[in-house]
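Chains A and B are the protein sequences, given in the same order.
When we follow my numbering, the leftmost residue of the first sequence carries the number 1, and every step to the right adds one.
When we follow my numbering, the leftmost residue of the second sequence carries the number 1001, and every step to the right adds one.
Please keep in mind that the hints were generated in silico from the structure rather than gathered at the bench.
All residues carry an ideal CB built from backbone N, CA and C; glycine is no exception.
Careful, some of the hints might be misleading.
Derived list of chain A stretches under chain B, where covered just means 3 residues or more per stretch with a C-beta under 8 Å from a C-beta of chain B [stated by the list, open to error]:
1) 17–29
2) 42–54
3) 60–71
4) 128–141
5) 148–155
PhoX-like, lysine-lysine: derived pairs with alpha carbons at most 25 Å apart [as the list claims (entries may be wrong)]:
6) A:K170 / A:K182
7) A:K170 / B:K1004
8) A:K170 / B:K1002
9) A:K33 / B:K1173
10) A:K182 / A:K33
11) A:K161 / B:K1004
12) B:K1173 / B:K1146
13) B:K1173 / A:K36
14) A:K161 / B:K1002
15) A:K36 / A:K182
16) B:K1004 / A:K182
17) B:K1173 / B:K1143
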Amino acid sequence: MEAALAPPRIAPVCSDGELIVLTGSGDRSAFEKLYKRYARSVFGLALRRLGDRGRAEEAVQETFASVWRSASTYRPERGPGAPWLYGVARNAIVDRSRARHEPPAEAPDEPSGDSGPDERAEQAWTSWRVHRALEALPEREREVVALAYWSDLSQSEIADKLGIPLGTVKTRTRSALTHLAKILEGELR
Amino acid sequence: MKRKLDELIDLEGLDDATRERLQGVHDQLVAAGPPPELPPALAAAPGANVVPLASRRRRALAGVAVAAAIAAACFGAGVLVGHSSSGEPKTVTVVAMQGEQSSLASVRVGQPDADGNWPIEFTVAGLPRQLQDHSFYILMLEKNGKPVFPCGTFRVRNGSTTVRFTVPYPITKSTQWVVTSMAPGVHYPGPIVMTTV
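So that you can see chain A by itself, here it is in the shape it has in the complex (with noise of 0.2 Å):
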């Protein structure tokens, strides 16, 4: 009799907003998963806010002892998790840039080119929300993402250097895409 093939095992995957109760709970693993699903996000976020490695560095590590502190205070049913991390996040972020009392830049005498806080405050929860979601595809698809869009090779090239043929890196693009969208689409639960 010929066996029965046992559908393929799928890690489950906790929600970000499964993760934090699970931490307010005390529970360090839980934790550690969020940190490694955000610590870039945090950076990014905060390297734009400060623009200094260190402090952001510092701003990292503070979002989450805060996140560690506060996480029993969230509310899965006032609205997913990632929402959450975002506002632990810009308060540390915040709290960092005031803590240096570092005087206000010079008014400029043109008006600026550069994007106003309703702008910029947008801008920075794309690039938390992609960045995060760039955390869940698997290495393959977020290699050739990362070729692709911030290398300055082109498709060819990226074929080349990763010693795969032309087509490959199309359809692990598209393949990473399409990941994206779902997450995107679905995420922030």
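Mind docking chain B on chain A? Use the hints.
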């Protein structure tokens, strides 16, 4: 990144809805920019050495025997350094702590001054208010699994508080922090109620 989506993937055969979906992701990737590389200092979450509270507590309780004179001297030192102030030094490390009744805390350690005094900021949540008069908590450093060096004393009224001390002991990544609970009649430094995680 000026490349268009159709330069990165083949769009042939995709329906309009899928194209639109992938274009949306493409636009967000472009807007987000590259994620930063994490510096080595951030490779691990704060407080990476997990030690179960129960075993540490048993070990500590079994071995704690600090002479009263030394304890009093250390305690005095702790109070003295606990009141010195510092500016906003660069954070050297952040340590996570946990304890009984789901209490969670963090210790932020700043750079030491030229004399070797380390500024620390301790924030705790969920620690029960002590009911007896003249009770207090002590933040301490461990040596050989025992709470030996006091950093400062504090009280908690509504479960959470933030206190700042300076401590004269060298702080390293492997420094283990504990909080003990003192009350009248309790042998110094009291039982451990929180440990480093």
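For this session: Count residues of the region 148–155 of chain A with a Cβ under 8 Å from any Cβ of chain B, then say if the count reaches three.
Result: holds (count 4)
For this session: Sort out whether K33 of chain A lies within 25 Å of K182 of chain A, counting only the CA atoms.
Result: With Cα atoms ~20 Å apart, K182 of chain A and K33 of chain A stay inside 25 Å; holds.
Exercise. Taking a Cβ-to-Cβ distance below 8 Å as contact, does the region 42–54 of chain A have at least three residues touching chain B?
Worked result: That given contact holds, which follows from 5 residues of the region 42–54 of chain A lying within Cβ reach (below 8 Å) of chain B.
Problem set entry | Restraint status (C-alpha distance of K1173 of chain B to K1143 of chain B at most 25 Å) | holds (14 Å)
For this session: Verify the proposed pairing of K161 of chain A with K1002 of chain B, using a straight-line Cα cut of 25 Å.
Result: Holds: K161 of chain A and K1002 of chain B sit about 21 Å apart, inside 25 Å.
Exercise. Holds or violated: are the alpha carbons of K1173 of chain B and K36 of chain A at most 25 Å from each other?
Worked result: holds (20 Å)
Exercise. When you check the alpha-carbon spacing of K1004 of chain B and K182 of chain A, does it fall within 25 Å?
Worked result: It holds: about 21 Å lies between the C-alpha atoms, which stays within 25 Å.
Exercise. Holds or violated: are the alpha carbons of K170 of chain A and K182 of chain A at most 25 Å from each other?
Worked result: holds (18 Å)
For this session: Assess, step by step, whether the Cα of K1173 of chain B is no farther than 25 Å from the Cα of K1146 of chain B, and give holds or violated.
Result: holds (17 Å)
Exercise. Going straight from one Cα to the other, do K170 of chain A and K1004 of chain B come out at no more than 25 Å?
Worked result: Within the cut-off at roughly 13 Å; holds.
Exercise. Is K33 of chain A within 25 Å of K1173 of chain B, Cα to Cα?
Worked result: holds (21 Å)
For this session: Would you check the hint for K170 of chain A and K1002 of chain B, treating anything up to 25 Å between C-alpha atoms as holding?
Result: holds (17 Å)
Violated hints are absent here; each numbered hint is respected by the structure.
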